[in-house]
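S.K.: Residue numbers (UniProt numbering), protein chains in the order written: chain A, 1 to 486; chain B, 1 to 486.
Each hint can be trusted.
Which copy is meant is left open, because identical chains are indistinguishable; a pair holds if it fits in one copy or across any two.
Simulated crosslink set (BS3-like; lysine-lysine; CA at most 30 Å straight-line): (1) K335 to K43; (2) K369 to K110; (3) K67 to K110; (4) K23 to K203; (5) K110 to K93; (6) K67 to K93; (7) K23 to K335; (8) K67 to K99; (9) K369 to K275; (10) K146 to K40; (11) K453 to K203; (12) K133 to K40; (13) K412 to K273; (14) K40 to K23; (15) K423 to K412; (16) K213 to K257; (17) K423 to K335; (18) K110 to K381; (19) K359 to K133; (20) K335 to K453; (21) K146 to K23; (22) K359 to K99; (23) K335 to K40.
Don't read these hints as lab results, they were simulated from the structure.
Since the structure is predicted, the reported quantities are computational estimates derived from the model, not experimental observations.
There are 2 protein chains.
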Amino acid sequence: MSSTTALRSLNINNINQHVVEAKYAVRGELAVRSEEYRAKLAKGDTSLPFDQVISANIGNPQQLDQKPITFFRQVLSLLEYPPLLEHEDVLLKQLGYKKDVVERARWLLKTVGSVGAYSASAGAPGIKESVAKFIERRDGFPAEPKDIYLSAGASSGVNTLLHIICASPNTGVLVPIPQYPLYTASLAVLNAKCVPYYLDESKGWGTDLEAIKGAYDKAIAEGIDVRSIVIINPGNPTGASLPAEDVKTIIDFAAEKKLVVMADEVYQTNVFKGKFHSFKGVLREMQKADPEKYKYVELASLHSISKGMVGECGHRGGYFELCGFDPEVEEQIYKFVSISLCAPVIGQCLVEMMVNPPKQGEPSYELYKQEYDGIFAGLQKRATALYEAFKEMEGVECDDPQGSMYLFPTIKLPQKAIEAAEKENRSPDEFYAFRLLDATGVCVVAGSGFGQKENTLHFRTTFLAPGTEWVGRITKFHNEFMKEFK
Amino acid sequence: MSSTTALRSLNINNINQHVVEAKYAVRGELAVRSEEYRAKLAKGDTSLPFDQVISANIGNPQQLDQKPITFFRQVLSLLEYPPLLEHEDVLLKQLGYKKDVVERARWLLKTVGSVGAYSASAGAPGIKESVAKFIERRDGFPAEPKDIYLSAGASSGVNTLLHIICASPNTGVLVPIPQYPLYTASLAVLNAKCVPYYLDESKGWGTDLEAIKGAYDKAIAEGIDVRSIVIINPGNPTGASLPAEDVKTIIDFAAEKKLVVMADEVYQTNVFKGKFHSFKGVLREMQKADPEKYKYVELASLHSISKGMVGECGHRGGYFELCGFDPEVEEQIYKFVSISLCAPVIGQCLVEMMVNPPKQGEPSYELYKQEYDGIFAGLQKRATALYEAFKEMEGVECDDPQGSMYLFPTIKLPQKAIEAAEKENRSPDEFYAFRLLDATGVCVVAGSGFGQKENTLHFRTTFLAPGTEWVGRITKFHNEFMKEFK
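Looking at chain A on its own, in the form it has when it is part of the complex (with noise of 0.2 Å):
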């Protein structure tokens, strides 16, 4: 503790112990060195072994080459100076822009005003039709309105619903292990208890109903009031994604044991094994099929425009979607949400493009559909030389890319090397994440960061960095340490 603890009102010791207790890996320690050699770097420093760092710790794709697409844009150029509109004639033989992307503009700036006023809390009205629609479209079951909360990205989604079902110490909610850390962080800081269920990576980390009925009966054993479980659908950081049997055997379980499902599906369209399953559609298609067991599942499902081909992180947009609520419930939702005042108005106009981009025969419509093909191509093509290249390190295991932005390999290091890592107080995927950063640039997450089964390591890699050169930089950095430890 700092000599000058005494002094002040605020100390390590007194402050809020949740937050304290609260571990966030994703943007921790590795992340802050990583950005200092960045730092080093751009001032011209070259005592470095790398002449540039990449951050495979985060999915932040237009930080590395992802670019945006032009037709959002455009719109969103617009909307930030209408009067721009007053000159169609430039912006249609001189700029560039297309008939559409002044049409979506005037139709955007009518349903929110003005991008600098707030909106209403849950989110501009007329947004809410569109995505409504489009959950319409995807799952072929009706979706209203009033069910849909924008957000500043999902993350601010997943706070608003955990701060409502963390109601004391004792609530549980069920979350997938290996996970996102934002979840086992927030439950932390709302000191609610995480009840871990583990995914099984011998099937490729998909859901395992016995792991959950074991984490569940478990937990209800021990007196915690489990209330929730929370899928991530494309998985984050494993890449999984579900079958449709999966969802429908958790929602069934959800059914049976009153449990509010989560779903994270902001990795909806980065699938290139297999189809996404919504938790919405599937669960529509239950109700139908059997109205009394299903009718008050609850389930909140949540997108952003973060991840996809959109890539917007730094817009902060998404939307979470309630089903079978109560109503009751929903108000003190919508409250919550009132006190942060409304979702960033850019973001939901950028949610409102995603869920309804230019449809084949509009003027932007062929570019959109090159930039969008030529995006999830290019992310396809560097899990894939990702995933050839761990295929050949000793040590090394992975699935094949299944989606998300994510490959999740495990690791074996050698025992000395698990030595070296007790000695610098370090887990073993730690000490390894930090040397090949030290050595390479290369900014990975250990697997501790978001939970693996014991006696076993991993790191997530992202698949956004351009080229495969820095593939080779991990290459030769494991055959050296694997060397160095032997």
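Assemble chain B onto chain A, guided by the hints.
M.R.: Using the frame of chain A, we list chain B on its own:
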């Protein structure tokens, strides 16, 4: 409670009761009803006794007639669609952009990369440097970028700080009454104690050291661990602008009792009377005079792009600066903000332009100055018109406008009105505000939404709505109301 309660996981009685207890009148029942009226009018309904809803309940300038500042929005249009920068000639010669707009956009793009990428958790480093320079110019004392945290509006900054400060149900925070309900709502959600201190209406809603001491001593006697004092300067809802002497007195008290000073200074440019004195500037002066005594005073000062002549609420931008915090506590603040990733990057860019607007001699300066001064004069004019109207109304007393965006008149209602309110299970000021809305379409917030001394009644109205016709509507309503309940 609903009849389906037993069938679901969540109901009003088992969700987080701290959320249920939180009150947020600014967007409460009155605001919801006003939105219903707005929707009715939009559908062509002619059954209402007014043809327009005036949202005087919330400081949302661009929802009413405030135009965004041209320089800001031109830059944002380029940040959203950087390929426009390849057409500099068209921008300058045909679209009215100036050279400094193009330069600023290029600089900001260099600083943030893409506005669609996550920035560092506490904000883009280059923007934090700009904020530090602004604070130096404003106060005449150094500021450090590392102490600046960019946030999604000031609300998000308050949320962060209270999350750190509130360690147990016994933590107390001194909050002025009347206050902006963000503070009481956040303390309720965090299950901490609001320690109210009354502002002195007889002295233009200034701070009263005796009132603060009294509230503090009473809380201490009750065993509350009082850790922080909130000051809103200029005041919300009161509009009061504190003299330097009051600021000093508060800092002195905070130093003596070891309280974190939370200075909400979002209205720092909305000052009609006197001068804005920043807590940071006054603190540094006091530290210069007596370094030992004030060395460890912990100050967090907040600012926002939502208010002032900027009025960009929908973009959700702001910052807070920390002084005197323990480095270990700052680390926890950094971790906490990193869980929600980063503030909207476009909002961060607006913060940069707010603190570093065009300077005299630069191409955009003239227009900027003209727009800025026009907004300021317009606010003052409407505030005065409203004030003059209130002066003429029976039973209404109101201080002359000092600053912020609000007037907060006292109303004395006839006994019959108080009884009629009781019958409707409403406080008399709420009853009055609902009647006003139903009769005129003007939505204000009842004083009880901010807190007020017992047996006093108030309402808060913004003076943002264009024209003065709506002021006449209020006068007419008031006269009829007083006649009805005489």
